[in-house]
Amino acid sequence: MKYYTQFENKSLADQLIQKALEYKQHPLLDKNLGAGKRIGLLFLNPSLRTRVSTQIAASNLGMEPIVLNMDKESWALEMRDGVIMNQNKVEHIKDAAGVLGSYFDVLALRAFPTLTDKGEDSEDYILHQFIKHSGLPVVSLESAIRHPLQSLADMITINEHKKSEKPKVVLTWAPHIKAIPHAVGNSFAEWSVGCGHDVTITHPEGYELDERFTQGANIEYDQEKALADADFVYVKNWSAFNDYGKILCTDESWMLTEQKLINAPQAKVMHCLPVRRNVELSDEILDGERSLVQFQAKNRIFAAQSVLSAIIK
Amino acid sequence: MKYYTQFENKSLADQLIQKALEYKQHPLLDKNLGAGKRIGLLFLNPSLRTRVSTQIAASNLGMEPIVLNMDKESWALEMRDGVIMNQNKVEHIKDAAGVLGSYFDVLALRAFPTLTDKGEDSEDYILHQFIKHSGLPVVSLESAIRHPLQSLADMITINEHKKSEKPKVVLTWAPHIKAIPHAVGNSFAEWSVGCGHDVTITHPEGYELDERFTQGANIEYDQEKALADADFVYVKNWSAFNDYGKILCTDESWMLTEQKLINAPQAKVMHCLPVRRNVELSDEILDGERSLVQFQAKNRIFAAQSVLSAIIK
Amino acid sequence: MKYYTQFENKSLADQLIQKALEYKQHPLLDKNLGAGKRIGLLFLNPSLRTRVSTQIAASNLGMEPIVLNMDKESWALEMRDGVIMNQNKVEHIKDAAGVLGSYFDVLALRAFPTLTDKGEDSEDYILHQFIKHSGLPVVSLESAIRHPLQSLADMITINEHKKSEKPKVVLTWAPHIKAIPHAVGNSFAEWSVGCGHDVTITHPEGYELDERFTQGANIEYDQEKALADADFVYVKNWSAFNDYGKILCTDESWMLTEQKLINAPQAKVMHCLPVRRNVELSDEILDGERSLVQFQAKNRIFAAQSVLSAIIK
Chain A
1 MKYYTQFENK SLADQLIQKA LEYKQHPLLD KNLGAGKRIG LLFLNPSLRT RVSTQIAASN
61 LGMEPIVLNM DKESWALEMR DGVIMNQNKV EHIKDAAGVL GSYFDVLALR AFPTLTDKGE
121 DSEDYILHQF IKHSGLPVVS LESAIRHPLQ SLADMITINE HKKSEKPKVV LTWAPHIKAI
181 PHAVGNSFAE WSVGCGHDVT ITHPEGYELD ERFTQGANIE YDQEKALADA DFVYVKNWSA
241 FNDYGKILCT DESWMLTEQK LINAPQAKVM HCLPVRRNVE LSDEILDGER SLVQFQAKNR
301 IFAAQSVLSA IIK
Chain B
1 MKYYTQFENK SLADQLIQKA LEYKQHPLLD KNLGAGKRIG LLFLNPSLRT RVSTQIAASN
61 LGMEPIVLNM DKESWALEMR DGVIMNQNKV EHIKDAAGVL GSYFDVLALR AFPTLTDKGE
121 DSEDYILHQF IKHSGLPVVS LESAIRHPLQ SLADMITINE HKKSEKPKVV LTWAPHIKAI
181 PHAVGNSFAE WSVGCGHDVT ITHPEGYELD ERFTQGANIE YDQEKALADA DFVYVKNWSA
241 FNDYGKILCT DESWMLTEQK LINAPQAKVM HCLPVRRNVE LSDEILDGER SLVQFQAKNR
301 IFAAQSVLSA IIK
Chain C
1 MKYYTQFENK SLADQLIQKA LEYKQHPLLD KNLGAGKRIG LLFLNPSLRT RVSTQIAASN
61 LGMEPIVLNM DKESWALEMR DGVIMNQNKV EHIKDAAGVL GSYFDVLALR AFPTLTDKGE
121 DSEDYILHQF IKHSGLPVVS LESAIRHPLQ SLADMITINE HKKSEKPKVV LTWAPHIKAI
181 PHAVGNSFAE WSVGCGHDVT ITHPEGYELD ERFTQGANIE YDQEKALADA DFVYVKNWSA
241 FNDYGKILCT DESWMLTEQK LINAPQAKVM HCLPVRRNVE LSDEILDGER SLVQFQAKNR
301 IFAAQSVLSA IIK
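Chains as they are written, first to last, in the working numbering: chain A, 1 to 313; chain B, 1 to 313; chain C, 1 to 313.
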């Protein structure tokens, strides 16, 4: 696993952040670096920010991006080895990834979890199958368990807005109407702890994230206590991890509102988008001064550009 | 509202037409004008001509076009303010338009009306939401009530084929099997009157278009009278505006045929395509010498190029 | 019909193969040949290899490729002349092809057969409608009855791996769970015989291909006999041609396995992909030394590039 699928170490993260900030100033700084190179942007699930920002990042580097919505433009892939393929899956991941590996210089893949097979999701099975069979660097555009380019964009955003060396960062669970993957929560915890922030995670009981990602963070079940004196509050829903993929809590009072931040007057509020307004986060916050969501989204371009430039250099 | 979402004035229209005719002669005349600029082509509804012609227009100017079929590649957008987003809409227009506004230099949007909410459609709600929240120039690729690039292409085509300064232009309603928006009819009337043509609109009773668009045109319910001595006949279906979105007439005799043009021997026939052959217009006309439909379609490229070049200059 | 829709003659095939091998060594050899030219890649059916490889081929030649998934991004086309279009088809092929013909320099089209209308499929109706009404060179990306770019890639692959001037090439039918078109089988037979190989076709009784494509090949119903001493074994399913579109045989023993090749120790195994593993072909073969499937897929780029370069020269 590489830095373009997960967090590696603080030193590398700092380099990626610095490079991203350079690109933000001068998007076309390395406009010929990727000349003659192609990146395949493969989507097994829908996308807006991720697709467009990565396409722009590649283009800023002079790489040719080719988008393939595999679920819609092609067909369903068989992921398991040794299967007799007499059902609805048209092509095996082995064969498809091998071909795409021979067509491109870099691949980028979005592959959400099933939320039904905890073991398979937890080992990031589909991402690993693509890495193994393509033989190429595969950038994660959100895998079953991580969303590293989002987290890098989040770190860039915190870096731009922090007022102290070790800001208090709170990841707070929010309500949602659907069972949502853990990738953003996992990655944000992993990167934020890794980058040296003072990290607190708050959620209802039963919503503990996979411990692999939360080492070094404080877990605080009382949202009010958790939020006190926060510098950054990251709002995100996820389904239960232990009772895998289940919705255990529908308590609307977990929604972040202005009133909840009474003891965190300086807190900036973050969300990866898309956000369910007035379910996860109130309009007043999203439309107010605290919100960094548009900064995060804009930084997706430079996060991707920083990572792609490191890969092709 | 700007000339890339509606008709502005005759002088500007004449400039856009002249520029388009220049580009038709020399498509790559300004091939570096858009260097380093990106246009997002956003489709909430299907497209063929509009998508491809706008993509080519941008490319002729050296802009990078990125197509996003938002309804298929992304997810459903919530358009109303203040909603508790606990239904099937995944992202609010505010947030999505804000992000896209930060990724591109220009946006272009196709957003058809619902045909169920007359008030919302009539104020071009979705287009205005995108304009408001993106902060960018937003070119209309057909909104709820207008299709300006189509109408500009139509004006270019009339300009190329007219034999007199003030040709007689007839917009005639045609049958269709589905309830169809008013955008093409509205825009054609608005531009054709605005460009100084002698405009007559004919349709069954009850099919009156929104008067905002038909000021200055003659309304004539007798199709035969309307067509006499026409220089150009524009064929188009639309659903009722007053009895909003309804199909009031299924009278097949409103289809334009060669026989209907007995008193308009010189008439050229226009349609924006896609056309229902032998429902709206007969094969004999579409495949004959009168038809300008392919000229109109080709001019879509240069209409878009003319408008984009004016925006980025 | 041209070489970009079917096999023409051995001399032209040899030229295309040689050019493709040059491009394989130097993909950017003619990188400015297509400057200012555009190719429309039109898909009425899903695609992975074909779409991406043709897009890359065009890009290697400096042409701008624009992909249009007409079935998903646009709407259903009416193909029959003279129809009253009052059903679900939104636009006539005449009009759509005319427009696309005026927007591009070259078109490429994927249009599968219905497998329900033998007469229409056999005359390659849709492909011919596009050719007729677009007025452009139309490259077949798999039509109802042929898949020429696949076959050219196959010939390149055989050329690279053959150990004798006239290798023994066996096309063997394989089981499948769905009714599959004849295009790959037809084209492979047509090109392989045309290129001077010693061709044997083996399949269950009733699966005889259209004789137009199999002239010059041996038909051998005993798979074991057919495979003996083969240099290349091409595995492919197709539905019945005489009893049109039907599945007549579900005998799993027609699947190619290592054991079946006991009398063909040197045989290389080919398949166009996507392949149903352990239905058409065993994992042991696909993952072993005999398999050329990834070579074939890679050669799709250079086959397309060779053909496109011949067209635009």
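Please note: incorrect hints may appear among the correct ones.
Claimed, not checked - EDC-like mimics (lysine to aspartate or glutamate), calculated; alpha carbons at most 16 Å apart, straight line:
#1 A:Lys31 <-> B:Asp71
#2 B:Lys132 <-> A:Glu8
#3 A:Lys132 <-> C:Glu211
#4 B:Lys31 <-> C:Asp287
#5 A:Lys72 <-> B:Asp231
#6 C:Lys298 <-> A:Asp287
Claimed, not checked - Which chain A residues stay away from chain B? Per the calculated CB distances, all over 10 Å, these:
#7 Ser53
#8 Arg80
#9 Glu120
What the hints assert, rightly or not - Quick partial rundown of chain A residues pointing at chain B, CB under 8 Å, derived from the structure:
#10 Leu29
#11 Leu44
#12 Asn45
#13 Leu48
What the hints contain is simulated information worked out from the structure, not anything from laboratory work. Even for Gly, the Cβ is constructed at its ideal location relative to N, Cα and C.
Checking against the hints above, which ones are violated?
1, 2, 3, 4, 5, 6, 7, 10, 11, 12
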